[in-house]
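Visitor: Residues per chain are reported as follows:
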Amino acid sequence: MRFDTLAYFLREALAGIRRNGFMSFASASTVFVSLAVLSLLLVVAANVRHLAEYVEAQVAVVAFMDPRTPRAEAAALQARIEQLPGVAGTRFVTREQALSELKQMFGDQADLLEGVEKENPLRDSIEVRLADPRYADQVVKTLNTAEGVADVKYRRDLADRIRRVGEAVRLGSAAVVALLGTATLFLIANTIRLTVYARRREIQIMKLVGATDWFIRWPLLIEGVLLGLAGAAAAAVLTWWGYERLMVEIAHSLPFVPVVPEQPLLTQVSQVLLLGGALLGALGSTISLRRHLRV
Amino acid sequence: MIEFINVSKVYANGVTALRDVSLHIDRGEFVFLVGPSGAGKSTLVRLIYREEVPTRGIVLVDGLNLGRLRQRDVPFLRRQMGVVFQDFKLLPNRTAYENVAFAMFVTGHTRRQIRRRVPEVLELVGLAHKADALPSELSGGEQQRVAVARAVVNHPKILLADEPTGNLDPETAWGIMELLVEINRRGTTVVVATHAQSIVNALRRRVIRLEGGRVIGDEPQGVYERAI
Numbered sequence: 378m379r380f381d382t383l384a385y386f387l388r389e390a391l392a393g394i395r396r397n398g399f400m401s402f403a404s405a406s407t408v409f410v411s412l413a414v415l416s417l418l419l420v421v422a423a424n425v426r427h428l429a430e431y432v433e434a435q436v437a438v439v440a441f442m443d444p445r446t447p448r449a450e451a452a453a454l455q456a457r458i459e460q461l462p463g464v465a466g467t468r469f470v471t472r473e474q475a476l477s478e479l480k481q482m483f484g485d486q487a488d489l490l491e492g493v494e495k496e497n498p499l500r501d502s503i504e505v506r507l508a509d510p511r512y513a514d515q516v517v518k519t520l521n522t523a524e525g526v527a528d529v530k531y532r533r534d535l536a537d538r539i540r541r542v543g544e545a546v547r548l549g550s551a552a553v554v555a556l557l558g559t560a561t562l563f564l565i566a567n568t569i570r571l572t573v574y575a576r577r578r579e580i581q582i583m584k585l586v587g588a589t590d591w592f593i594r595w596p597l598l599i600e601g602v603l604l605g606l607a608g609a610a611a612a613a614v615l616t617w618w619g620y621e622r623l624m625v626e627i628a629h630s631l632p633f634v635p636v637v638p639e640q641p642l643l644t645q646v647s648q649v650l651l652l653g654g655a656l657l658g659a660l661g662s663t664i665s666l667r668r669h670l671r672v
Numbered sequence: 006m007i008e009f010i011n012v013s014k015v016y017a018n019g020v021t022a023l024r025d026v027s028l029h030i031d032r033g034e035f036v037f038l039v040g041p042s043g044a045g046k047s048t049l050v051r052l053i054y055r056e057e058v059p060t061r062g063i064v065l066v067d068g069l070n071l072g073r074l075r076q077r078d079v080p081f082l083r084r085q086m087g088v089v090f091q092d093f094k095l096l097p098n099r100t101a102y103e104n105v106a107f108a109m110f111v112t113g114h115t116r117r118q119i120r121r122r123v124p125e126v127l128e129l130v131g132l133a134h135k136a137d138a139l140p141s142e143l144s145g146g147e148q149q150r151v152a153v154a155r156a157v158v159n160h161p162k163i164l165l166a167d168e169p170t171g172n173l174d175p176e177t178a179w180g181i182m183e184l185l186v187e188i189n190r191r192g193t194t195v196v197v198a199t200h201a202q203s204i205v206n207a208l209r210r211r212v213i214r215l216e217g218g219r220v221i222g223d224e225p226q227g228v229y230e231r232a233i
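Line by line, the protein sequences are chains A and B.
So for the first sequence, this note's numbering puts the first residue at 378; every next one is plus one.
So for the second sequence, this note's numbering puts the first residue at 6; every next one is plus one.
In case anyone wonders, no lab produced these hints; they're calculated from the structure.
This one's a predicted model, so the numbers in the text were calculated from it and none came from an experiment.
Between beta-carbon pairs, the in silico distance windows are:
hint: 1; chain 1: A; residue 1: Phe402; chain 2: B; residue 2: Gly217; range: 53 to 59 Å
hint: 2; chain 1: B; residue 1: Ser141; chain 2: A; residue 2: Leu548; range: 57 to 63 Å
hint: 3; chain 1: A; residue 1: Gly549; chain 2: B; residue 2: Thr60; range: 53 to 59 Å
Sample of chain B residues lacking proximity to chain A, with all beta carbon distances greater than 12 Å (derived):
hint: 4; residue: Leu65
hint: 5; residue: Asp67
hint: 6; residue: Arg121
hint: 7; residue: Gly180
hint: 8; residue: Gly192
hint: 9; residue: Glu230
Stretch-level coverage of chain B by chain A, calculated; a stretch enters the list once three of its residues show a Cβ under 8 Å from a Cβ in chain A:
hint: 10; segment: 87-96
hint: 11; segment: 102-112
Glycine residues also receive a C-beta, built at the ideal position from the N, C-alpha and C atoms.
Use the sequences and the hints to build the structure in full.
Guide: This is the structure:
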């Protein structure tokens, strides 16, 4: 494409946005709202997945020992479990170790544990990591029937529950995004229609002297894409700012909650938003062109 | 150059504008289309630049069957012809020069081609000195000259004019008609739908007479009134 043609398309697209200032603003705003919700959905989904994986990877099965069981016996059991199929690794955690790990988790709020420290309520435990959750039943059964085990916790349940909550959140926000997206499309389509109307003389003359259909369409398509990108950029900025604030807040008050680090998440989400905005804009324009421009 | 074979046109609202029209216009001819309002003159012109397609029959331009022409090829047909209307159809916020240049720009001509060609056609229509005037600063006749300049700037083979003098006083109308004759003299086929009785009578060109959508007369050096 020649430079002066491209410059003309851009100039016309910008003129269209300026001419319909209010509608353009409204369109870009709905793009912004839709994509902000989409962004929330993406960030929440990423974190739910992260949390589920974290819980799963950490410990799959934990056997808490009866406090009366000698440590030598527990060590023997650990060795036996280690040999079972599907077990990736085991770790024997003494109650003292468990307490210090807990303290570490709470970080600078460890003073909450002060009372606990005098009379450690924790028990020795064997943590079993599984290579594959399918072997969980076997491991749980073996531990349950072993001497000296007081209680067996299978954390897969927790990971599953987190996933289910995540799924519900995802479905709900996907529905909202779809709804907002549709509304956005029609608002953009309407804005472009105004431009078609304002430029109808020019378009008529262009057709008359033999301008190609695409020559007539490009400025209108670009106008839609620019509206979409404007809304998307605003949503990306909000996401960036909001997530960084959230990170700081969490690091300060809930340091033991596992969260997805800012990068590359924010870059990826921003890319999705910009692409989504451009797509919404292009689609909105296309709807309008099909309806109101017989070219 | 232009051929109609048993062409009928019925609009979507049921109005029959042309009935079984057959005619042939040669390269380089100058043709008047005359007849009362609603006779089908405008429809005939619209069929030539493919604003409409025939309901029945065939319209050929340069051997091309316009009824079969794909939508995306229409622009390239239109580049072969210029069209002039009663209401000029100029862009009000662009100067005379820009209005003419616009037709070249949107058909993909380079800046250089535009700079060379636009002054040429403005000279041809006698408006070189008003190149920078907006349409609102020009008289009706001058505006129509700009429209003619725009119609011929891309070197069309055919120039179509639908009531080009309908909004002009008789003296100005003569000027426009002389301009069309001059363009024809340079080799362009010219088709003019008109009510300008005295001009038609004075010029003694081919006259195709329409009434009720039918061709009721076609004389090589005709006059406006029907020969009895």
